[in-house]
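Asks: Below are the chains, spelled out letter by letter.
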Amino acid sequence: MILRIQEPREPRPADDEPIGGIVPVVVSPEASSVRNFLINKGSPEGADSFFSTLMLLCALSIFAIVALIAVELVIHSRLTLSKFGLKFFFGSAWDPVNDNFGALPFVYGTLVSSMVALVIAVPLAVGVAVFLTEMCPKVLRGIFSFLTELLAAIPSVVYGLWAIYVLVPLLRNYVDPLLIRALGWTGLFVKPDFGIGMFAAGVILAIMILPIISSLTREVMSAVPHTQREAVLALGATRWEMIRMGVLRNARIGIVGSIILGLGRALGETMAVAMVIGSSPTISKSLLAPAATMASVIANEFAEAADDTYRSALIEIGLALFLVTIVVNIFARLLVWAVTRGAPARVT
Amino acid sequence: MDQPRASTANRYWRWFANHLASGLAVLATILVIVPLVAIFIDLVYKGASSLNVNFFTKIPAPVGETGGGMANSIVGSAVLLGLASLLGIPVGIAAGIYLSEYGRGTKLSNVVRFTADVLNGVPSIVMGIAIYALLVAPMKGFSALAGGAVLGIMMVPTVARTTEEMMLMVPHSIREAALGLGVPAWRAVVSIALRTALPGVITGCMLAFARVAGETAPLLFTAFGNQFWSMSLTQPISALPLQIYVYALSPYDEWHRLAWAGSLVLIALIVISVSLVRYVTTRGVLKGAN
Amino acid sequence: MGVGIEVNNLNAWYGANHTLQDITLHVPSNEATALIGPSGCGKSTFVRCLNRMHETNPIAKVTGEVKVGGMDIYHETSAVEVRRRIGMVFQRPNPFPTMSIYDNVASGLRLNGYRNRRVLNEVVERSLKSAALWDEVKDDLKKKSGASLSGGQQQRLCIARALAVDPEVLLMDEPASALDPVSTAKIEDLIFQLKVQYTIVIVTHNMQQAARVAERTGFFLNGKLIEFDSTHKIFTNPSDKRTEDYITGRFG
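Chains as they are written, first to last, in my numbering: chain E, 1 to 348; chain P, 1 to 290; chain B, 1 to 252.
Please keep in mind that the hints were generated in silico from the structure rather than gathered at the bench. Keep in mind that a hint or two might mislead.
[To be verified] Here are some chain P residues the structure puts well away from chain B; computed CB gaps all over 10 Å: (1) Y12; (2) L20; (3) D42; (4) V53; (5) N54; (6) F56; (7) S109; (8) A137; (9) L276.
[Unchecked claim] Result set (EDC-like, lysine to aspartate or glutamate): computed pairs, CA atoms no more than 16 Å apart in a straight line: (10) P:K140 - E:D308; (11) E:K83 - E:D99; (12) B:K129 - B:D189; (13) B:K233 - B:E215; (14) P:K140 - E:E304; (15) P:K58 - P:E254; (16) B:K186 - B:E174; (17) P:K140 - E:D307; (18) B:K142 - B:E125.
The beta carbon of each residue, even a glycine, is placed where N, CA and C say it ideally should be.
Throw the hints in and build the complete structure from the sequences for me.
Replies: Set out below in C-alpha cells:
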C-alpha cells in the first residue's frame, strides 16, 4: 500500500429521503426542450463579427476626426496659403480692409502670453506638487486633489468673466502700478495701462494651466519608486535634499513633459484670453499693452469675416494653431509616458 | 583614515536650505490654493445673488429693463448637448469597448488611445472651424446641427478613454464565466462586461457632457447664438456659455448679473459631475471590482 | 445523460510554450474523472481545451482531435456551440455581480435568447436543487445579488448556473480549492449526485479528493499524460515510477 487512502466512497443506498437535501436530477421534458433550444441556436459568428467590426469602426473614427479637421483646414485656407506663402507668419500688418494679412502679431501674442503664463505658473505648480506629494498630511491630500480637479474643469468663459470684473481691476489698481515702478526700466511694464492686455492674459492663463501642471507633476513624482527616496535618506540627506536628488532628479523628464502639456493648453486657450487681451493686432514691448493671440483673433473676427480671403487668412491661423498644438502635445505626452510607463490619466 | 567631517557651516547651510525649500513649497501652495478658492467663492457668491426664478423661465429682457432671464440659452444648451450626446456617447462607448475588449495590447489600440489623448489637446476653436467648413458653409447658415456636431466630436475621445478605463476594471473571471456558458462573444461584452462597468461608464459620459457644456469657442461660428426662443435644428441657437460671453462683454450691469448667474449654473454642473466620477472610481462602487 | 470524451494527440501552446504534448485519453461517460499533477503540469490547460476556452487567449494554439459524444469539437462545430454543451466551473467562484441569484442561474439561457418564463422558473429551481443551494436561497432569489453569498454558496451558485443549460459534460477546475472544508465536503457530495446524469472531469490539487470522488484518474507531468487508469490502481499500484513519486509526496 503506497498511499493510505480511504476506499472510494460507495454511492449511498437509495432512500426515500434525499441525502443532505439534494434532489437527484431527473430528466424531464422541459430539460430536453432547453437542450434542444440551445443546440438549435447555431453559431453566432455572424453577429460576433458584425459587432466587432462596428466597434473597430468607431475606434477608427478618432482617426477620421483628426483627418477631417486637417483636411478642412487645409482646403479652406488655400487662398491665403497660395497668396502669401510662408511670409504670412512673418508679416506684421493685419489689414482686412486692404486684403493684406500678416499673422506675426498673433504669433507673437500667443508666444508671449504663454511664456508669461509659464513663468508664473511653473514655479508655483511645482511647489504645490512638492508640497502635496512629499510634505502634506494624507488627509488634506484628497481635498486638494479634488479642488485641483474642479478648478481644471471650470469653463474658459467663466474664468474670462471673473478675469474682466475681478482680476483686471485688481491688476490695474494694485499690481500694475507696482510693476511699473519696480520694473519700468526694463521697458516691459510701462504706461499707458488699462488693466487689460498681454500681462492680464498671461495671469489668467497661468491660473488656468496651474492645475494641469501641478497634478501631472504630482503623478510623475509619485511614480518615482520609494527605494530612490530611501536610498538618498539613508545617506543622511535632509528632506529637501531627498526631494531634490531622489525625486525631482528622477522625475525631471516627466516634469518637463507636464510643463509642455501646460504650454500646449495655454497656446490654445481662447475665451478667457479673448476677453482680457484687448484684441489689438499690434506688437509692443510693454506687457501692459493690448495685444491679440492666434486663438483670440479667430474668436473675435471670424463671425464677421465677410470675404473669402479674410476667412481664409483666419483659417490659416487656425491650421497653424492645430499643427503647433498637436506637435507640442505629442512631444509632451511622449515625455510623460516615458516616465510613468503607461497611459497618463485623462487630462481635461 | 579619518573621514573628513562636514564643516559646521556646511551643516547649517543644509539645514537652512531644507527649511527654506519647505517654506517655499508651503508658500507656493498657499499662493495657489487661496486665490483659487477665492475665485470659486467669488463666482458662487456673485452668481447666487443673481439667481432667481426669472433666470430659468424668461428670455433676455430688452436693454435697460430688468427681470429677464436666460431660459432660451438653457434650452438651447440642452438641445445642443442632446445632439452632441447622440453622436458622441454611442461612438465614444463603442470606441472604448474596442480598446478594452478587442484591441487590448495591440499596436492599433495604442495608437488610437494616443490619438484620442492628443485630440483632447486640440483647441476647440479649431474644431469649430472644421465643422464650420463642413456644415455651416454648405448649408449657408449657422445651425444647431452644426453646434451639436462639433460638441459631439469633442465628446468622442473623452468618452472613449473613460469607457476603456472602466471596462478594464471588470475582472477577467466575469468574462470567462460568460464565455464558459456558451454566451456569444458580443453578448458577453454588452450584457456582462459593459453592464458591470456601467456605473463608471455613465459617470464618464457625464464628465464629458459637463466639459462640453461649458465650451464656447467652437459654438461661436456653428451655433452662433440667438436672442430669442429657437429649437429649430437648422437655425442658429443660443447656448449658455455663448450668452455668458456676449453678456460679459456688454456694457449693461443687468446683463453682467445674468452672466454671473449663468456661470454659477455651469459650475454647479461641473461640481456634480466631478464629484460623481470621484465617488465611483475611488470608492469602488463598481460592483464586482476587487 | 452524459457522454464520453475522446482525446487524440492533443497538443497545446501558449505562444511559444508547448504546454500540452500528445495527450491521448478517453473519458468515460457518467463517471467522474480526476486529473492530478503538480502546479504548472498542464492539467488546467487540458481541461480548458475540452470546452475550447483555451483559445480565448490570443496567443493560444491547439492541434489534435477532441471528440465529445462522437462530435469533433474543433472541426465540426463552433466554440460557442461547444460551450453550450460542455459546462465549466472555475477555481474562484465568479457569479455575475450585477445580477440576482435567479438571474445568475438563468443567465446561460436568457443570454442566448430563451424567453419562456414558466420553463425558466422550473429550470432555476431544479438547478439550484441539484446544486444543493435551493433551501438556503429560495426566499431571496430575486432580491439578493449573486455576489452577496458566502464563498461556498457562490461556488454552488456557479454550479447551478452551469447546470441550468443542461450540458452533457461538466468540467471543474479545482472547484473547491478556494473554499473551506465544510463547503468542500458539500461540493464533493454534489459530484456524487451529478455523476448520475453528467460526465464530470475534475482537476484537483488534492489527491485525497481525487481518491474520494473519481472512478478514473489521470496524472499529468510537464505537459504530458504519464498515466491514466482506475483511481484505485493509480493510488495503490501505479505503473510509472513518476506517478508513484508524486503520490508519495516526493515532489510537487
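Asks: With reference to the structure, classify each hint as holding or not holding.
Replies: Here is what the structure says about each hint:
1. Y12: holds, 60 Å
2. L20: Fine: 53 Å to the nearest Cβ keeps L20 (chain P) off the interface.
3. D42: holds, 43 Å
4. V53: holds, 41 Å
5. N54: Per Cβ check, N54 (chain P) is outside 10 Å of chain B; nearest 44 Å; holds.
6. F56: holds, 37 Å
7. S109: Non-interface label on S109 (chain P) holds, nearest chain B Cβ at 13 Å vs cutoff 10 Å.
8. A137: Non-interface label stands for A137 (chain P): nearest chain B Cβ at 46 Å, farther than 10 Å.
9. L276: At roughly 19 Å from the nearest Cβ of chain B, L276 (chain P) sits farther out than 10 Å, so the non-interface label holds.
10. P:K140 - E:D308: This hinted pair holds, its Cα atoms lying about 14 Å apart.
11. E:K83 - E:D99: holds, 11 Å
12. B:K129 - B:D189: holds, 13 Å
13. B:K233 - B:E215: Holds - the C-alpha atoms of E215 (chain B) and K233 (chain B) are around 10 Å apart, at most 16 Å.
14. P:K140 - E:E304: holds, 14 Å
15. P:K58 - P:E254: holds, 14 Å
16. B:K186 - B:E174: It holds: about 14 Å lies between the C-alpha atoms, which stays within 16 Å.
17. P:K140 - E:D307: Given that 16 Å is the threshold and the Cα spacing comes to 14 Å, the pair holds.
18. B:K142 - B:E125: Holds, because 12 Å separates the two Cα atoms, which is no more than 16 Å.
Consistency note: the structure conflicts with none of the earlier hints.
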